[in-house]
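Taking the hints into account, I'd like the entire structure generated from these sequences.
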Amino acid sequence: MRVFVQYAQLKCVVFWWLFATVQLLTHTHQGETCAHTLLLEIINTVRTSRGQLHYQQVPNQTVPID
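Reading the sequence shown from the start, the letters are residues -24 to -1, 1 to 42 in mature numbering (1 follows the signal peptide of the UniProt record, and there is no 0).
Think of the hints as simulated: they come from the structure by calculation, not from any bench.
None of the values given here were measured: they were computed from a predicted structure.
We treat Cβ as the ideally placed atom computed from N, Cα and C, and that holds for glycine.
Possibly wrong hints are sitting among the right ones.
Distance ranges between label pairs, derived from CB positions [as the list claims (entries may be wrong)]:
#, residue 1, residue 2, range
1, T13, Y(-18), 26 to 32 angstroms
2, Q(-19), I19, 15 to 21 angstroms
3, R23, Q(-2), 16 to 22 angstroms
4, L(-15), L15, 14 to 20 angstroms
5, L16, Q(-16), 14 to 20 angstroms
6, V(-11), L16, 16 to 22 angstroms
7, H12, Q(-19), 14 to 20 angstroms
8, A(-17), E17, 24 to 30 angstroms
9, Y(-18), R23, 14 to 20 angstroms
10, N20, V(-3), 15 to 21 angstroms
11, Y(-18), H12, 26 to 32 angstroms
Here it is as structure tokens:
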């Protein structure tokens, strides 16, 4: 059962990386802001899928947008 859960998490991570790649290829005009937002979404998804919700309690660090 534990192996299956890890496999499901891996599929989720792979899906989000593929999703991010497609988004970057189709939205290159938005540049780094889009990439940064997607990366944060991926990180949050991975943390949530692992059940490490305590990471969500860390204050968000804002990155200045040029």
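Hint check:
Here the CB-CB span from T13 to Y(-18) is close to 28 angstroms, well matched to the stated 26 to 32 angstroms. With their beta carbons about 18 angstroms apart, Q(-19) and I19 fall inside the hinted range of 15 to 21 angstroms. Between R23 and Q(-2) the CB atoms are about 20 angstroms apart, so this pair conforms to the stated range of 16 to 22 angstroms. Between L(-15) and L15 the beta carbons are some 18 angstroms apart, a value that agrees with the proposed interval 14 to 20 angstroms.
Taking 14 to 20 angstroms as the suggested C-beta distance range, the pair L16 and Q(-16) conforms, at roughly 18 angstroms. Between V(-11) and L16 the CB atoms are about 18 angstroms apart, so this pair conforms to the stated range of 16 to 22 angstroms. Between H12 and Q(-19) the beta carbons are some 28 angstroms apart, a value that contradicts the proposed interval 14 to 20 angstroms. Distance hint check: the CB atoms of A(-17) and E17 are about 18 angstroms apart, inconsistent with the given range 24 to 30 angstroms.
Separated by about 18 angstroms at the C-beta atoms, Y(-18) and R23 satisfy the suggested range of 14 to 20 angstroms. Checked against the hint of 15 to 21 angstroms, the C-beta distance between N20 and V(-3) comes to roughly 19 angstroms, which is consistent with it. The given range of 26 to 32 angstroms is respected by Y(-18) and H12, whose C-beta atoms sit roughly 29 angstroms from each other.
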